[in-house]
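Student: Residue numbers (my numbering), protein chains in the order written: chain B, 922 to 1028; chain Y, 174 to 300.
Check the hints yourself; a few may be wrong.
Said to hold, decoys possible - One side only, chain B facing chain Y, incomplete, derived with CB under 7 Å:
1) TYR953
2) ASN955
3) ALA964
4) PRO965
5) LEU967
6) ASN970
7) TYR1008
8) PRO1016
9) ARG1017
10) PHE1019
11) GLN1021
12) GLY1022
Hints listed in this document are in silico derivations from the structure and should not be mistaken for laboratory results. C-beta: ideal position from N, C-alpha, C; glycine also.
Letter by letter, the chains look like this.
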Amino acid sequence: DIQMTQSPSSLSASAGDRVTITCRASQSIDIYLNWYQQKPGKAPKLLVNAASHLQSGVPSRFSGSGSGTDFTLTISSLQPEDIATYYCQQSYNTPRTFGQGTKVEVK
Amino acid sequence: QVQLVESGGGVVQPGRSLRLSCAASGFTFSSHTMNWVRQAPGKGLEWVAVISYDGNKKYYAESVKGRFTISRDNSKNTLDLQMDSLRMEDAAVYYCATTQIDDYDYSGYPRGGFDHWGQGTLVTASS
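Bound-form chain Y, shown alone (with noise of 0.2 Å):
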């Protein structure tokens, strides 16, 4: 079955890095487009990046342009979240989430749901 594990959340600072990891297992992970959804204390969904099944295209909510970058391993089947100069706003659930296979929008993305969630990742942020 289809499992997503996050990991490397904590406490942080503002101004400080982490990075987020997203280990996937039970499908076929090159064959994907991955993202990153954050959800802050009691708020609603926040999409954050999506990656291309193999890396080439990239794509970031204006929230974290700049300082957030997502990458992917596809030899090692994970996704990962690095998040430099970090504020007090970024405190949330991480998620990541795979994309349903599915026609391509404008930016070259599917347009399938968000078929499988890992469990989240705490980030806090603390000064």
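Extracted from the complex, chain B is given alone in its bound form (with noise of 0.2 Å):
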């Protein structure tokens, strides 16, 4: 199975400030990456596809690069409705594995 890891597992920052979330492969999965977020007592939401496909509806300050085995997910300047938590998923092969969470606050 294909491992995902995620760094940092939380961060803190203040509003405004460009916040990025990094995602690794295990091996490497093309551009088959898919970024959820996931508000308390909420299901997961999908913000980005395909590494750098952002949904229809999500702001634009949310983007997402990388291909291979490494990634990011950026906030470009957060806002005190993006605390949550932040998984990354790859779907380039069967099964699907997520990484462990990245848990963003607002200072």
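Take the two lone chains, each set in its own frame, and fit them into one complex as the hints suggest.
Tutor: Put into structure tokens, the structure is as follows:
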């Protein structure tokens, strides 16, 4: 199975800060990397698929990049409503696997 | 609009069985690969099982293989998860989720993200 490792596990930043979350795959997954946002008590929401394709309705302050084994999710200007846990997931092969999550807090 | 509604969760003793269901509406259910994903309390997301759009292909996480069975009824727009020989570690919120239509991986499943999710149903294990 492909292992996904996210860093950091948690972060605290001020509103307006640029925030970057990284995700590393244990083998090359081409561009087949998805990012999800999960707010407390809610189901996950797909933000980005295929490494950089922003889903309809997702604010443009979110962006994804990367290919092969290394990927990033960037929030260009953190907003209070971005408080959530973010997960990466590879969709290169089955079984699908998720990273362990990055909890984002606003100072 | 797309709607996925899970049901069937509850308190179950280890070793017993439970059947979860997911009722789908607002999209062409029979065209979409479907998944179950779970989340233990305070933990991350764990993919559990996938079924192809026509029900002919199924794949399970090692942690549930041989104990859980995924199935679908395209005439009723429903997805099920039969959970047998339940263990304490199966306690979680269980979500059903659709896979975006995309090119296919080596196992024959689309490589899209999980673009629609239900609200989840809670399975609690208690001895």
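Student: Each of the hints needs a verdict: does it hold here or not?
Tutor: Verification of the supplied hints:
no.: 1; hint: TYR953; result: holds, 5 Å
no.: 2; hint: ASN955; result: holds, 4 Å
no.: 3; hint: ALA964; result: holds, 4 Å
no.: 4; hint: PRO965; result: holds, 6 Å
no.: 5; hint: LEU967; result: holds, 5 Å
no.: 6; hint: ASN970; result: holds, 4 Å
no.: 7; hint: TYR1008; result: holds, 6 Å
no.: 8; hint: PRO1016; result: holds, 6 Å
no.: 9; hint: ARG1017; result: holds, 4 Å
no.: 10; hint: PHE1019; result: holds, 5 Å
no.: 11; hint: GLN1021; result: holds, 5 Å
no.: 12; hint: GLY1022; result: holds, 5 Å
Taken one by one, the earlier hints all hold for this structure without exception.
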